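Colleague: Following the hints, position chain S against chain A.
Chain by chain, the residues:
2 protein chains.
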Amino acid sequence: MDTIQSDGYQIFFEDSLTQLVNFIKEGKYSRSFVLTDENTAVHCLPLLQQYLAEADNFDIIEINAGEESKNLDFCIGVWKMLIDFGADRKALMINLGGGVVTDLGGFVASTYKRGIDFVQVPTTLLSQVDASVGGKTGVDLDSIKNIIGTFTQPKAVFMVADFFKTLPERQILSGLAEMLKHGLICDAAYWDKLKTSDLSLPAIELVHRSVEIKNEVVIEDPHEKGIRKALNFGHTVGHAVETYSMLNDSNPLTHGEAIAVGMVCEAWLSNKKVCLPDEQLAEIAEVFGKLYPKHSIADDCYPALFQLMQNDKKNQNGQINCTLLTSIGQYSIDNICTEQELCDSLRYYTTL
Amino acid sequence: MDTIQSDGYQIFFEDSLTQLVNFIKEGKYSRSFVLTDENTAVHCLPLLQQYLAEADNFDIIEINAGEESKNLDFCIGVWKMLIDFGADRKALMINLGGGVVTDLGGFVASTYKRGIDFVQVPTTLLSQVDASVGGKTGVDLDSIKNIIGTFTQPKAVFMVADFFKTLPERQILSGLAEMLKHGLICDAAYWDKLKTSDLSLPAIELVHRSVEIKNEVVIEDPHEKGIRKALNFGHTVGHAVETYSMLNDSNPLTHGEAIAVGMVCEAWLSNKKVCLPDEQLAEIAEVFGKLYPKHSIADDCYPALFQLMQNDKKNQNGQINCTLLTSIGQYSIDNICTEQELCDSLRYYTTL
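Taken in sequence, the protein lines are chains A and S. Position 332 of the first sequence, counted from 1, bears residue number 332 in full-length UniProt numbering, the numbering being contiguous throughout. Position 118 of the second sequence, counted from 1, bears residue number 118 in full-length UniProt numbering, the numbering being contiguous throughout.
Quick caveat, the hints were computed from the structure, so don't treat them as lab data. The structure displayed is predicted, hence computed values, not measured ones. Just to be clear, a hint being listed does not mean it is correct.
As the list makes no split between identical chains, a pair holds if one copy fits it or if it spans any two.
Stated by the list, open to error - Calculated lysine-lysine pairs in the BS3-like style (CA-CA distance at most 30 angstroms, straight line):
{"id": "1", "residue 1": "155", "residue 2": "314"}
{"id": "2", "residue 1": "313", "residue 2": "294"}
{"id": "3", "residue 1": "90", "residue 2": "273"}
{"id": "4", "residue 1": "28", "residue 2": "290"}
{"id": "5", "residue 1": "272", "residue 2": "290"}
{"id": "6", "residue 1": "80", "residue 2": "225"}
{"id": "7", "residue 1": "155", "residue 2": "225"}
{"id": "8", "residue 1": "193", "residue 2": "313"}
{"id": "9", "residue 1": "165", "residue 2": "155"}
{"id": "10", "residue 1": "165", "residue 2": "225"}
{"id": "11", "residue 1": "80", "residue 2": "290"}
{"id": "12", "residue 1": "25", "residue 2": "313"}
{"id": "13", "residue 1": "313", "residue 2": "28"}
{"id": "14", "residue 1": "272", "residue 2": "80"}
{"id": "15", "residue 1": "25", "residue 2": "314"}
{"id": "16", "residue 1": "165", "residue 2": "25"}
{"id": "17", "residue 1": "90", "residue 2": "294"}
{"id": "18", "residue 1": "90", "residue 2": "195"}
{"id": "19", "residue 1": "165", "residue 2": "290"}
{"id": "20", "residue 1": "294", "residue 2": "28"}
{"id": "21", "residue 1": "25", "residue 2": "225"}
{"id": "22", "residue 1": "80", "residue 2": "273"}
{"id": "23", "residue 1": "155", "residue 2": "272"}
{"id": "24", "residue 1": "225", "residue 2": "90"}
{"id": "25", "residue 1": "313", "residue 2": "80"}
{"id": "26", "residue 1": "28", "residue 2": "314"}
{"id": "27", "residue 1": "313", "residue 2": "90"}
{"id": "28", "residue 1": "225", "residue 2": "313"}
{"id": "29", "residue 1": "165", "residue 2": "90"}
So that you can see chain A by itself, here it is in the shape it has in the complex (with noise of 0.2 angstroms):
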């Protein structure tokens, strides 16, 4: 598989912690910081230990795992850990883990000393297919997801394969979400291949046409002035679902969970407002009705989901903004969906 090269920085698939440490020789930093969380600390950080132990010193820097740790206060730690390890501006951020450390440890590096260099070996399917690339970084503030952050380019990421492989099905079809919605925004025959494919473990070669899509989309709109958009299919309305479900249900979606309800009613939107074929809502709602449990969605939630939607941060003048389809593969941004629309999408996949 070939190396994929983004905006300034390249994407490593094949002997990815040996060329993290050729990396880090020829990048001559005054030290490494691996920033990883309780997870990953024990199923990862062996096998990163082994190659890193011959390329340089390192210290190790560890957070809470999980989408709560993603906040100021756990930057504010790890800066002050920088600190106290007297941390200069050639110093190098190792993030290893899920989008949480991937996206928190990248807005630590870039605006530590005004940034310092930072590369991402994303460790779950998830953070591999989707917080990889695009330069986002960021953290959560009053439960509004990723509202604080940068567009700060890492300097490499490292792809490994075998880190998702001991990973629980629900973290699998977390990621298998994003990887599906590059397939409906972007190639029907990708989308096509998922669907007959064993997703229980998805072959790297896919993981691969992934990250190749999002990252043609993103160095196209590095700063989600326009076609970037095109990658917000799905995510208005699912992640309203997802803040509402980690702020009352006790046993919340993952992020893919609820991008999978969001990417059914907006399928059922866009067949409303932009003609997506009948038989192809149909499709859509069937693939997802096949991999996702079935999320119970109360009416008397819409006025509060809808209020969370009012909150994206890609809305402007208070106006709901919806990337659609047009067709399976082919996208259309920047559509203006109402109150009632919106709440009779979600009406939509609760009847289904």
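Modeller: Then chain S, alone, in the frame of chain A:
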């Protein structure tokens, strides 16, 4: 006076508030937010409001005055207010204040929703000649100055000479130290002009020349890899003296007062290490001695001051790096100084 073209933005010196109004109208912003502190809210905001009244809807966010506000708690407060006001990505932040407001406001804007536009309206002499150019944003953490921040350019800078006419003398002297530095590092004729001018209220033409010098330096080296280090003259010792004073003195030194001490010390180092002529060292010591009150530094502070110098962002590999002068108007970067040399330079200042 000409408008100065900086790295992607303009710095206005004439009819600046009219220019600001035009800027806002042309930018089609969804809303404007004026960040002030207690002082600028009283002394500067009323004038700004007269102009803004015809431009747009705007809201005011006020923080406490003083360096103690330049921290992440205040950032969180401002971010939350932006969220509460429903600020979207097309919002504009107008930072009306001294360096604390422009640095903190720039950092908050550059990280809110991964970056909204901001403009600077610096109200002190120091922020006009220093913080207004260069794209440095940031806040302090654990008493370490500007340790968290970004390199982000404002969309424009508006200089209003009227604002600093009411500043206390110590604030004028604080800005003047940076102006004198600009002469020392790059322009001997400007240094000579400053020496012989009435400096109780520097003419706006002098401010313009200082901004021009700083602008030329930072445009060549936006990320402080090389020649921008010229601007660090006086700052290795000066920052340490400033931080130490802030932590220990009931009436701490201003930035400029501390940098004035630092410049005398580093002029002495320049004489010892890079052949700054004896008579130029004497001249520098005399000019600063006349303008600035003598600051007493006891011998037993030296270890703490040295510790602070080691924490400086600009160091690498634990070595202390100074920008020195080979003559007035000529700098020399990357001079490594030992603890002994740095302490001797403090001793020189003390014996003057």
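Colleague: Evaluate each hint against the coordinates.
Modeller: Each hint tested on the structure:
In this assembly of identical chains, residue 155 and residue 314 lie within 30 angstroms of each other by CA distance both inside one copy and across copies; the values are 26 angstroms within and 21 angstroms between. When the C-alpha separation of residue 313 and residue 294 is checked against a cutoff of 30 angstroms, the pair qualifies only within one copy, where the shortest distance is 27 angstroms, while the shortest distance between copies is 52 angstroms. Proximity of residue 90 to residue 273 under the C-alpha cut-off of 30 angstroms is restricted to the inter-copy arrangement: shortest distance 26 angstroms between copies versus 51 angstroms within a copy. In this homomeric assembly, residue 28 and residue 290 never come within 30 angstroms of each other (Cα to Cα): the closest approach is 50 angstroms inside a single copy and 46 angstroms across copies.
Taking the shortest Cα distances, residue 272 and residue 290 sit within 30 angstroms of each other inside one copy (23 angstroms), while across copies they are farther apart (78 angstroms). Taking the shortest Cα distances, residue 80 and residue 225 sit within 30 angstroms of each other only across copies (25 angstroms), while inside one copy they are farther apart (35 angstroms). Taking identical chains as interchangeable, the C-alpha atoms of residue 155 and residue 225 lie at most 30 angstroms apart whether they share a chain (23 angstroms) or sit on different chains (17 angstroms). In this assembly of identical chains, the alpha carbons of residue 193 and residue 313 never lie at most 30 angstroms apart, being 33 angstroms within a copy and 51 angstroms across copies at closest.
For the homomeric pair residue 165 and residue 155, the shortest alpha-carbon distance inside one copy (25 angstroms) is at most 30 angstroms, but the shortest distance between copies (47 angstroms) is not. Taking the shortest Cα distances, residue 165 and residue 225 never come within 30 angstroms of each other, neither inside one copy (36 angstroms) nor across copies (42 angstroms). For a Cα distance limit of 30 angstroms, the shortest separation of residue 80 from residue 290 qualifies neither inside one copy, at 46 angstroms, nor across copies, at 41 angstroms. Only between protomers do residue 25 and residue 313 lie at most 30 angstroms apart by alpha-carbon distance; the minimum there is 23 angstroms, versus 39 angstroms within a single protomer.
When the C-alpha separation of residue 313 and residue 28 is checked against a cutoff of 30 angstroms, the pair qualifies only between copies, where the shortest distance is 18 angstroms, while the shortest distance within a copy is 38 angstroms. In this assembly of identical chains, residue 272 and residue 80 lie within 30 angstroms of each other by CA distance neither inside one copy nor across copies; the values are 51 angstroms within and 36 angstroms between. In this assembly of identical chains, residue 25 and residue 314 lie within 30 angstroms of each other by CA distance solely across copies; the values are 22 angstroms between and 40 angstroms within a copy. Taking identical chains as interchangeable, the C-alpha atoms of residue 165 and residue 25 lie at most 30 angstroms apart only when both belong to the same chain, with a minimum of 28 angstroms there against 55 angstroms between chains.
When the C-alpha separation of residue 90 and residue 294 is checked against a cutoff of 30 angstroms, the pair qualifies neither within a copy, at 49 angstroms, nor between copies, at 37 angstroms. Within a single copy, residue 90 and residue 195 get their C-alpha atoms no closer than 46 angstroms, and across copies no closer than 39 angstroms, so neither meets the 30 angstroms cut-off. For the homomeric pair residue 165 and residue 290, the shortest alpha-carbon distance inside one copy (22 angstroms) is at most 30 angstroms, but the shortest distance between copies (72 angstroms) is not. In this assembly of identical chains, the alpha carbons of residue 294 and residue 28 never lie at most 30 angstroms apart, being 51 angstroms within a copy and 43 angstroms across copies at closest.
Taking the closest pair of Cα atoms, residue 25 and residue 225 come within 30 angstroms of each other only across two copies (20 angstroms); inside a single copy the shortest separation is 37 angstroms, beyond that limit. With identical chains, the CA atoms of residue 80 and residue 273 are never at most 30 angstroms apart, being 50 angstroms at best within one copy and 35 angstroms at best between copies. With identical chains, the CA atoms of residue 155 and residue 272 are never at most 30 angstroms apart, being 43 angstroms at best within one copy and 41 angstroms at best between copies. For the homomeric pair residue 225 and residue 90, the shortest alpha-carbon distance between copies (11 angstroms) is at most 30 angstroms, but the shortest distance inside one copy (32 angstroms) is not.
In this assembly of identical chains, residue 313 and residue 80 lie within 30 angstroms of each other by CA distance both inside one copy and across copies; the values are 29 angstroms within and 14 angstroms between. For a Cα distance limit of 30 angstroms, the shortest separation of residue 28 from residue 314 across copies, 17 angstroms, qualifies, whereas the shortest one inside one copy, 39 angstroms, does not. For the homomeric pair residue 313 and residue 90, the shortest alpha-carbon distance between copies (10 angstroms) is at most 30 angstroms, but the shortest distance inside one copy (33 angstroms) is not. For the identical chains of this complex, residue 225 and residue 313 are intra-copy neighbours only, at 13 angstroms inside a copy versus 34 angstroms across copies, given an alpha-carbon limit of 30 angstroms.
Neither within a single protomer nor between protomers do residue 165 and residue 90 lie at most 30 angstroms apart by alpha-carbon distance, with minima of 34 angstroms and 42 angstroms respectively.
Going through the hint list in order, the structure does not satisfy hints 4, 8, 10, 11, 14, 17, 18, 20, 22, 23, 29.
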